[in-house]
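Chemist: Let the sequences and hints guide you as you build the complete structure.
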Amino acid sequence: MDRVSWALVGTSAFATDWIARGIRLARNAELVAVVSRDPNRARQTAERLGAPLAYTSIEAIENDRVDGVAIVTPNKQHAPLAVAAARRGLHVIVEKPMAPTVEECVAMIRAAREAGTVLAVAHCTHWSPPVARARELVSEGAIGEVIEARIGASFDSPPRGYWRQTDPTEEGGGPLFDMGVHAIDVLQSVVGPISEVAAFLDHRVHHYAAEDSTTSLFRFESGAHGVLESNFNCGQNDLEIVGSEGRLQSSAWLGREFSGDLRLLRDGEEERQELGAIVVYEPQVEHVSDCVLSGGEPVISGERGMLNVAVIRAAIESARSGRVASVRIG
Numbered sequence: 010m011d012r013v014s015w016a017l018v019g020t021s022a023f024a025t026d027w028i029a030r031g032i033r034l035a036r037n038a039e040l041v042a043v044v045s046r047d048p049n050r051a052r053q054t055a056e057r058l059g060a061p062l063a064y065t066s067i068e069a070i071e072n073d074r075v076d077g078v079a080i081v082t083p084n085k086q087h088a089p090l091a092v093a094a095a096r097r098g099l100h101v102i103v104e105k106p107m108a109p110t111v112e113e114c115v116a117m118i119r120a121a122r123e124a125g126t127v128l129a130v131a132h133c134t135h136w137s138p139p140v141a142r143a144r145e146l147v148s149e150g151a152i153g154e155v156i157e158a159r160i161g162a163s164f165d166s167p168p169r170g171y172w173r174q175t176d177p178t179e180e181g182g183g184p185l186f187d188m189g190v191h192a193i194d195v196l197q198s199v200v201g202p203i204s205e206v207a208a209f210l211d212h213r214v215h216h217y218a219a220e221d222s223t224t225s226l227f228r229f230e231s232g233a234h235g236v237l238e239s240n241f242n243c244g245q246n247d248l249e250i251v252g253s254e255g256r257l258q259s260s261a262w263l264g265r266e267f268s269g270d271l272r273l274l275r276d277g278e279e280e281r282q283e284l285g286a287i288v289v290y291e292p293q294v295e296h297v298s299d300c301v302l303s304g305g306e307p308v309i310s311g312e313r314g315m316l317n318v319a320v321i322r323a324a325i326e327s328a329r330s331g332r333v334a335s336v337r338i339g
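For the sequence shown, our numbering assigns the number 10 to the initial residue and increments by one for each residue that follows.
These are calculated hints, taken from the structure and not from any lab test. No residue lacks a Cβ here, since even glycine has one placed at the ideal position from N, Cα and C. Heads up, a few of these hints could be off.
So the derived label-pair ranges between C-beta atoms look like this [to be verified]: (1) 112 / 10: 33 to 39 Å; (2) 89 / 171: 16 to 22 Å; (3) 168 / 266: 24 to 30 Å; (4) 230 / 50: 44 to 50 Å; (5) 57 / 226: 43 to 49 Å; (6) 277 / 21: 46 to 52 Å; (7) 335 / 96: 28 to 34 Å; (8) 21 / 212: 24 to 30 Å; (9) 145 / 61: 36 to 42 Å; (10) 260 / 61: 39 to 45 Å; (11) 165 / 123: 41 to 47 Å.
Modeler: Written out as structure tokens, the structure reads:
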């Protein structure tokens, strides 16, 4: 086998426009099926995407025709679907966040281990050109010791009854679980693990169930500090990593099909980094498919996804208690 056959679980515009596209672009993957509880929607979406198969559940998938599933559904459905897929012997790419709770993440990891299947979390920003280059520069010591990192991940989301708005923050709604989890993954992949969180969650502009404003202060295990601003009421897409010998700045670190920008400021000079444009879902699918074919462990593993969820849970704990919260697994 030199190609992995994927089923798309979910039929949202994001799933069909971007995740399906990433699968089709990947050199070692093919989109063979669509899964939706509505049989007509499953069939029509499969026909539109050029996939030969349509199913109404994970349980209905034929293992001899499908190797894995890409789960693109509301956050509360991630864990049940991922566990069901693993029990069927199917590999899994689950959209971020991995799940609303650490306990669900643990169950997903356990199910994949017991089944011997690959579990990956769709932290596509690992391949974001500014993020990938920043990770290289920090690793090379280009800015010296990291002192602090600041990141913004926000967009305006007026009330429309979407589940991201109507599900409370504790249940996976709101900006922290949406854009914020991408930013947390970026910080932990570039700077290192976060150990403590102090956070505020508030309603400022939009008054749906989930808070629309979040600000989190982080302490990394290295001793560096971090700040995340993730909101559903304004636009933010900025990143700054400050080191003892320089700094990195980006005004566009997050995107789907883009190159973004990154500047290295050191010794009074600014060096703009050369970045090529990519569709971030293409290398994501290729990487996970390579792991399926080789038996390797994805860099965007279940353990990595769980650590990001643990940071969000610590932020929620801090906001509710008014105290600094430790990031805990288990």
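Chemist: Which hint numbers doesn't this structure obey?
Modeler: No numbers; nothing is violated.
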